[in-house]
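A.B. asks: Sequence:
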Amino acid sequence: MRRNRADNDANHTRLTRRAALLGGAQLLFMGGLAARMRYLQVDQADQFRLLAEENRINIRLIPPARGEIFDRNGVQLADNVPSYRIVMVREDAGDVAAVMERLAQVIEIDDETRERAMAEMARSAPFLPVTIVDDVSWEVVSKVSVNAPALPGVTPEVGLTRVYPRGADFAHVVGRVGRVSQADLDALEDPDQVLRIPRFQIGKINVEARAEGLLRGSAGTKHVEVNATGRVMRELERREGQAGADLQLTVDANLQRYVQARLGDESAAVVIIDCENGDLAALASAPSYDPNLFIGGISSADYNPLLNSKYRPLVNKPVQGTYPPGSTFKMIVALAAIEDGIVTPEDTAYCPGHLEVAGRRFHCWKRAGHGWVDLQDSLKHSCDVYYYDLAVKVGIEKITAMANRFGLGIKHDLALSSVAGGLAPTKQWKRSARGEDWVVGDTVNASIGQGFTLSSPLQLAVMSARIATGRAVTPRLIKSIDGVEQPSGAGEPMGLNENNLRQLRKAMYDVVNDRRGTGYRSRIIDDTMRMAGKTGTSQVRNITAAERARGVTSNADLPWERRDHALFVCFAPYDKPKYAACVLVEHGGGGSTAAAPIARDVMLQAMAGGEPPLEAYPKSDRGRIATQQEELRNTAPETAASAEGDDQA
Numbered sequence: 001m002r003r004n005r006a007d008n009d010a011n012h013t014r015l016t017r018r019a020a021l022l023g024g025a026q027l028l029f030m031g032g033l034a035a036r037m038r039y040l041q042v043d044q045a046d047q048f049r050l051l052a053e054e055n056r057i058n059i060r061l062i063p064p065a066r067g068e069i070f071d072r073n074g075v076q077l078a079d080n081v082p083s084y085r086i087v088m089v090r091e092d093a094g095d096v097a098a099v100m101e102r103l104a105q106v107i108e109i110d111d112e113t114r115e116r117a118m119a120e121m122a123r124s125a126p127f128l129p130v131t132i133v134d135d136v137s138w139e140v141v142s143k144v145s146v147n148a149p150a151l152p153g154v155t156p157e158v159g160l161t162r163v164y165p166r167g168a169d170f171a172h173v174v175g176r177v178g179r180v181s182q183a184d185l186d187a188l189e190d191p192d193q194v195l196r197i198p199r200f201q202i203g204k205i206n207v208e209a210r211a212e213g214l215l216r217g218s219a220g221t222k223h224v225e226v227n228a229t230g231r232v233m234r235e236l237e238r239r240e241g242q243a244g245a246d247l248q249l250t251v252d253a254n255l256q257r258y259v260q261a262r263l264g265d266e267s268a269a270v271v272i273i274d275c276e277n278g279d280l281a282a283l284a285s286a287p288s289y290d291p292n293l294f295i296g297g298i299s300s301a302d303y304n305p306l307l308n309s310k311y312r313p314l315v316n317k318p319v320q321g322t323y324p325p326g327s328t329f330k331m332i333v334a335l336a337a338i339e340d341g342i343v344t345p346e347d348t349a350y351c352p353g354h355l356e357v358a359g360r361r362f363h364c365w366k367r368a369g370h371g372w373v374d375l376q377d378s379l380k381h382s383c384d385v386y387y388y389d390l391a392v393k394v395g396i397e398k399i400t401a402m403a404n405r406f407g408l409g410i411k412h413d414l415a416l417s418s419v420a421g422g423l424a425p426t427k428q429w430k431r432s433a434r435g436e437d438w439v440v441g442d443t444v445n446a447s448i449g450q451g452f453t454l455s456s457p458l459q460l461a462v463m464s465a466r467i468a469t470g471r472a473v474t475p476r477l478i479k480s481i482d483g484v485e486q487p488s489g490a491g492e493p494m495g496l497n498e499n500n501l502r503q504l505r506k507a508m509y510d511v512v513n514d515r516r517g518t519g520y521r522s523r524i525i526d527d528t529m530r531m532a533g534k535t536g537t538s539q540v541r542n543i544t545a546a547e548r549a550r551g552v553t554s555n556a557d558l559p560w561e562r563r564d565h566a567l568f569v570c571f572a573p574y575d576k577p578k579y580a581a582c583v584l585v586e587h588g589g590g591g592s593t594a595a596a597p598i599a600r601d602v603m604l605q606a607m608a609g610g611e612p613p614l615e616a617y618p619k620s621d622r623g624r625i626a627t628q629q630e631e632l633r634n635t636a637p638e639t640a641a642s643a644e645g646d647d648q649a
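Just so we're aligned, residue 1 is where the sequence shown starts under our numbering, counting upward by one.
In short, the hints are calculated from the structure, not lab data.
All C-beta atoms, glycine included, are put in the ideal place defined by N, C-alpha and C.
A couple of the hints might just be wrong.
[Unchecked claim] Here are the simulated distance ranges between beta carbons:
| id | residue 1 | residue 2 | range |
| --- | --- | --- | --- |
| 1 | 122 | 314 | 31 to 37 Å |
| 2 | 560 | 179 | 53 to 59 Å |
| 3 | 311 | 347 | 42 to 48 Å |
| 4 | 160 | 304 | 16 to 22 Å |
| 5 | 630 | 371 | 26 to 32 Å |
| 6 | 437 | 311 | 25 to 31 Å |
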């Protein structure tokens, strides 16, 4: 049936409307698609480009150059030198065992090294280089290069490694570096990624470890193109890192070398401190060791003798070692008493050779006693009874408070490992540490630096500097960082009675310069370099009543381990102190015979800035000293070498 015109018009209208709706939907879809494409290709182009680049570009770290270390005069103590190594890439080598065999015919490779390298290659990706031998000479590099056609996959590489040109002289000051261990990483909460670089070196002890954050620097980066398996195809970009800071220490390399040579075979420690600014001019521990042995990993043959030696060469005796200070502690007891007004320097006490306290007899080193003595005589003769009596009057709390003021029982803040705090005991300490009450006998023992009292040579040197100046001199080891001077350790006045300090210094002067002083044989006769000091001997064994009755066994007749420690503290020049020092000789016997001669020699070396004139020594000593100076010149050729009554208390 034929439709009328009205129906046709209605159908046409409906079709037009549907076409418009469909066309609008299509247009909307195409517009949305275009907008999305624009967003992805234009707005997000950088992000997707980065994602694509990361599939073929790796960012790798470049180890920074470690900061160098110098002495106070610019002498290098720790340096970075090129280090050559031979590496092998497994996939380039093909038959690894055959190539390794040919390499062993070109250079020397022991069985242990070969097995280690083979095992490392077996667990590494085939395209990664594995070190076969490290720290090789240029001659070895040359041999490998010449034989390259027969050694596929084997190439020499160069990097930087640490070296210590002064060797054993600074092992206990500068310290050493070593490869990063898992223990090193575990000890850090958020380890720097540079520490994960294979064979990266990190400070292990002393300045190298304590100043690690300054010396390490920051890593650089390089962008390398890699293929789908991760093999490096080419380097695209390199950004160098920042080298570590250079450190200048306060120590004098020549003085340090002389002191180490002067100590010779002794098990001993020497600390020399500048009274003007607290700079540690020398910090020597003997015997020492060569830190260069540890850089690439020390062998058992080299390490076991160091570990098992009874002289403990690995211990930094000036700061780690704590010892009964012996009679060097008497100045603290005297100051505690006279500053508190309990006695005056002129007051006397009678020494019959012993003192009865709480039913126990405490002996003086001189069996017959010293008779009537005042402060000056008590120090000059090192009378024990005088200090027993003072200590009972003043009490341990005031003695310990004075000890703390002079740096004893205090852990000094230095860039060294395991700095000991020593022990200046109190009643509360004994209750907490021992679960016992303090008794008067403990105070008597402390009065002569025995009993619980312990001090390091560093602390005793600081004590001497504070006595010499009346200022709270603080030890300083780092002089500057990248040329920026560090705060001085000169210290502020301690607020003590200057007259009391003057009396104490005069008594120390008499110890060395009065004929009856315990240190007289180690005097300096040059008036511009006169020395004041105090001898000390600390017991390491108990002397029984039976032994006293038959006569105390001399140190010379005892095994080395049972002999007394010998100490000497001093400052010079007397009228204008420049240096203070402490010398300790483990199991050396008497302070006046073992420690004082060393102290005189090192102090003269410090004051003279080199080998002192023979005229500074007494005439009777000059022949022996001239011979000693010649021997030390041969031992320490880089320096102008210098030389050098048994204290029983």
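A.B. asks: For each hint, tell me whether it holds in the structure or not.
C.D. replies: Taking the hints in turn, this is what the structure says about them:
Our hint of 31 to 37 Å for residue 122 and residue 314 holds, since their Cβ atoms are close to 36 Å apart. The hinted window of 53 to 59 Å between residue 560 and residue 179 is violated, with their beta carbons roughly 37 Å apart. A hinted range of 42 to 48 Å holds for the C-beta pair residue 311 and residue 347, which are about 44 Å apart. The hinted window of 16 to 22 Å between residue 160 and residue 304 is violated, with their beta carbons roughly 30 Å apart.
Between residue 630 and residue 371 the beta carbons are some 45 Å apart, a value that contradicts the proposed interval 26 to 32 Å. Between residue 437 and residue 311, the C-beta spacing of about 38 Å breaks the proposed range 25 to 31 Å.
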